[in-house]
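Engineer: One letter stands for each residue in the lines below.
Protein chains: 2
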Amino acid sequence: MTNRLKKIDKSFIFADDKEDSEYIIYKTNKDNNDKKQMGVVFPKGFKANGYKEGKYGVTIVYSENPNTVCSGVFTSNKVYAHPVKYCKDLLLSSDDKKFNAIVINSGNANCFTKDGMQDNNKMVKVTSELLNVSENHILSASTGVIGRKMPMDIIVDRVEKAYSNLEVESNNENASKAIMTTDAFNKSVCIEIAVNDKVVKMGGIAKGAGMIAPNMQKPKNLLHATMLAVVTTDLEISANDIENCLYDATEKSFNNTVVDGDTSTNDSLFLMANGESGVKYEECKELFDKALSLVCQELAKLMARDGEGAGKLVEVLVKGANTQEDAKKASMAVVRSLLVKTAVFGNDPNWGRIVAAIGYSGADMDMNIFDLSIGDFNESTYLVKDGVQIADDGTPELKKAEQLMQKEKIKFVIDLKRGNFENTSFGCDLGHEYVRINAEYTT
Amino acid sequence: MTNRLKKIDKSFIFADDKEDSEYIIYKTNKDNNDKKQMGVVFPKGFKANGYKEGKYGVTIVYSENPNTVCSGVFTSNKVYAHPVKYCKDLLLSSDDKKFNAIVINSGNANCFTKDGMQDNNKMVKVTSELLNVSENHILSASTGVIGRKMPMDIIVDRVEKAYSNLEVESNNENASKAIMTTDAFNKSVCIEIAVNDKVVKMGGIAKGAGMIAPNMQKPKNLLHATMLAVVTTDLEISANDIENCLYDATEKSFNNTVVDGDTSTNDSLFLMANGESGVKYEECKELFDKALSLVCQELAKLMARDGEGAGKLVEVLVKGANTQEDAKKASMAVVRSLLVKTAVFGNDPNWGRIVAAIGYSGADMDMNIFDLSIGDFNESTYLVKDGVQIADDGTPELKKAEQLMQKEKIKFVIDLKRGNFENTSFGCDLGHEYVRINAEYTT
Chain A
233 MTNRLKKIDK SFIFADDKED SEYIIYKTNK DNNDKKQMGV VFPKGFKANG
283 YKEGKYGVTI VYSENPNTVC SGVFTSNKVY AHPVKYCKDL LLSSDDKKFN
333 AIVINSGNAN CFTKDGMQDN NKMVKVTSEL LNVSENHILS ASTGVIGRKM
383 PMDIIVDRVE KAYSNLEVES NNENASKAIM TTDAFNKSVC IEIAVNDKVV
433 KMGGIAKGAG MIAPNMQKPK NLLHATMLAV VTTDLEISAN DIENCLYDAT
483 EKSFNNTVVD GDTSTNDSLF LMANGESGVK YEECKELFDK ALSLVCQELA
533 KLMARDGEGA GKLVEVLVKG ANTQEDAKKA SMAVVRSLLV KTAVFGNDPN
583 WGRIVAAIGY SGADMDMNIF DLSIGDFNES TYLVKDGVQI ADDGTPELKK
633 AEQLMQKEKI KFVIDLKRGN FENTSFGCDL GHEYVRINAE YTT
Chain B
233 MTNRLKKIDK SFIFADDKED SEYIIYKTNK DNNDKKQMGV VFPKGFKANG
283 YKEGKYGVTI VYSENPNTVC SGVFTSNKVY AHPVKYCKDL LLSSDDKKFN
333 AIVINSGNAN CFTKDGMQDN NKMVKVTSEL LNVSENHILS ASTGVIGRKM
383 PMDIIVDRVE KAYSNLEVES NNENASKAIM TTDAFNKSVC IEIAVNDKVV
433 KMGGIAKGAG MIAPNMQKPK NLLHATMLAV VTTDLEISAN DIENCLYDAT
483 EKSFNNTVVD GDTSTNDSLF LMANGESGVK YEECKELFDK ALSLVCQELA
533 KLMARDGEGA GKLVEVLVKG ANTQEDAKKA SMAVVRSLLV KTAVFGNDPN
583 WGRIVAAIGY SGADMDMNIF DLSIGDFNES TYLVKDGVQI ADDGTPELKK
633 AEQLMQKEKI KFVIDLKRGN FENTSFGCDL GHEYVRINAE YTT
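Residue numbers (this note's numbering), protein chains in the order written: chain A, 233 to 675; chain B, 233 to 675.
Derived by calculation from the structure, the hints in this document are not laboratory data.
Just so you know, not all the hints are guaranteed correct.
Put simply, identical chains are the same to the list, so a pair is met inside one copy or across any two.
[Stated by the list, open to error] The calculated lysine to aspartate or glutamate pairs, modelled on DMTMM-like cross-linking and capped at a C-alpha distance of 25 Å, are: (1) Lys267 <-> Glu629; (2) Lys649 <-> Glu611; (3) Lys284 <-> Asp328; (4) Lys517 <-> Asp603; (5) Lys639 <-> Glu665; (6) Lys330 <-> Glu401.
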């Protein structure tokens with residue numbers, strides 16, 4: 233199994249390829265753009281390309297296979313964009329969940345706009361005619377400014393050019409770039425898992441750097457997550473299973489990620505599966521679920537790393553919580569805290585701010601028994617142990633914490649010592665660039 | 233009545249003195265520091281002074297009258313400072329709620345510190361000996377960095393010097409300045425109300441510019457709000473009434489104010505009443521409650537105006553909500569939103585961010601019926617009316633909104649059109665200064 237996987241050429245990209253691993257994951261990072269054939273076009277049978285010029289771009293992800301099924305999770309914001317409503321209605325009314333394409337525009341959120349649904353339908357219709365696929369088998373998404381009418385002439389032009397590119401070749405790099413707005417770099421990940429003597433592939437692209445605090449729900453919960461992401465796989469999976477496994481992976485990744493704490497009107501995540509690997513979900517349930525969570529987590533971490541103006545990735549693990557909800561409340565309070573984010577930006581081991589955030593999170597806790605440590609994934613130091621302050625001025629612990637705060641990836645671990653639940657959240661620092669970007673966005 | 237009030241010399245300070253008003257309120261503002269005899273020493277029988285040198289300061293507020301009663305509301309953070317625990321325990325165990333003094337230090341939060349309770353007790357004991365008042369009749373508060381031992385030699389020195397100043401004269405300016413940490417200006421307000429042929433006076437001081445999202449509760453709720461504020465009055469009021477009216481005023485003011493969204497471990501608000509006006513609460517319940525809310529709101533607005541690095545005051549009124557809780561959820565989501573705060577900083581009428589915040593607030597709403605307007609207290613313009621986008625590129629409404637966003641005080645009004653509840657929250661913009669201040673705080 234491992235042998236088989238090791239054959240794959242991964243020399244051109246960072247890969248997490250331990251000898252005993254059941255999977256190989258290929259990641260992009262800030263300095264390493266995905267090559268054309270990775271990401272969403274890595275699994276068999278998927279094509280994608282995009283075109284962006286100036287502020288506006290369009291990406292098309294396409295699987296010709298008529299057995300391609302799709303699921304989506306969408307923002308729970310009560311104000312939601314027209315494509316969110318369009319996809320939700322279409323997914324709910326479809327029994328077989330068969331969809332062949334997703335068309336995504338950047339530059340305009342198509343939210344709170346007059347005639348916004350007509351504009352969405354037009355974007356879908358043009359894509360439908362070009363791909364020669366029924367409109368009912370195409371999903372859509374938008375990202376950009378809220379409350380401005382879609383410039384349809386430009387959008388149609390971008391759809392046509394994205395399609396022309398797609399006709400020529402599949403290009404994940406174009407696809408992941410055309411959906412960017414304030415993103416500093418494009419984001420994609422892919423993974424392969426070995427199932428008996430076969431290989432299942434999965435790949436994803438994502439955009440998102442601001443208005444990031446996704447809280448995405450299944451469409452049937454009548455809820456609606458501006459991060460956008462598309463994950464593709466050549467696994468064979470039923471319409472029912474695809475929805476459940478997507479939601480579970482979302483909870484472990486995007487729904488635990490915060491850049492600024494503002495939940496968007498447009499957040500959408502899609503999973504498309506076309507069955508072309510010849511492997512059924514039932515053959516590899518556990519491994520596939522793990523791989524999907526990994527892909528979503530890596531995309532979420534890339535988003536946090538690319539948080540508007542951010543330079544650092546922050547990971548917060550809360551363990552020993554009484555309930556799963558408590559664990560999430562506590563870890564999310566820390567990644568959301570402006571004071572923690574600015575301390576991280578300033579390399580300042582001001583751990584009192586972390587303690588305060590846990591205290592107001594609403595999670596059950598006792599300040600007299602918990603532990604807090606800070607680390608960089610390789611080493612760590614306690615700041616609070618058994619409810620007692622360890623790191624005061626002049627202590628070696630505070631010195632160590634100061635050093636660790638300089639790192640690009642920082643991990644805080646909090647053990648509440650109340651129960652057995654744990655949760656990990658992802659965030660970033662907040663500095664001057666965030667302010668600059670967001671004070672200038674529409675004007 | 234009005235005639236009587238008009239006699240008071242208010243030439244030296246801004247006063248809200250409409251002809252028909254039942255009260256006169258004296259406010260400070262950024263450019264107008266309070267004079268010595270205003271603020272907490274404005275009511276009869278109160279003395280106050282403070283001393284600050286370098287990072288550390290101490291303020292003492294004192295009423296010699298043995299009938300002085302006091303109430304407090306404290307942070308609901310599950311991590312709380314030693315003085316918060318001290319005051320809570322003392323207030324809960326006291327039947328008559330008789331207290332003569334409050335001692336407050338700045339520079340150290342005395343939170344999550346070894347021997348912190350001993351240090352708090354020492355600060356109280358030194359004050360007790362100087363004032364010749366039993367320790368059981370003195371309350372305390374601290375503000376500053378979390379997790380560092382109190383430098384007791386310095387704190388004792390500051391207590392002694394604050395007391396020496398108090399012996400010489402009452403000085404509200406010193407008192408309001410010695411409790412400052414990252415505050416750019418000192419904050420105090422006073423008011424007088426006419427009750428029959430008598431006058432009741434009330435005055436308050438506050439500090440707070442960061443870690444501001446108070447959620448203060450009565451001590452008996454076993455909950456605990458770093459803003460600090462002391463309000464004094466010469467009204468005669470029972471131990472029971474003083475607690476209830478203080479909490480009601482807190483809910484309409486401090487508990488509706490956000491600078492950064494981080495609820496502190498130290499937030500404390502005290503109300504002291506010594507009865508020296510000769511007016512009983514029963515004679516002026518409604519008017520007094522209104523005056524107390526006004527004082528607390530003005531102090532809260534000064535805090536928001538002085539939000540770390542902030543230049544603008546933002547007021548958000550949500551009306552037409554189904555419940556009071558919904559109204560508060562929606563208005564608080566807008567003042568909390570980083571994207572709204574940075575848009576205000578950039579004078580950017582990016583109203584989609586306001587709409588998105590209301591949508592994810594959790595408040596019951598229907599995006600198809602609500603109104604949103606922006607104004608500066610004198611004039612306003614609709615951005616959304618009956619769920620329809622009014623302000624698109626090139627419209628006069630967007631132009632007007634752009635002009636209004638330049639103002640120093642900005643008001644957003646949202647009418648959800650679902651019910652009859654309303655709530656007002658206070659906040660500020662967030663710019664580069666906020667980042668600078670908070671990336672450098674402890675180091």
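Engineer: Against the earlier hints, flag every one the structure doesn't satisfy and list their numbers going up.
Structural biologist: 1, 3, 4
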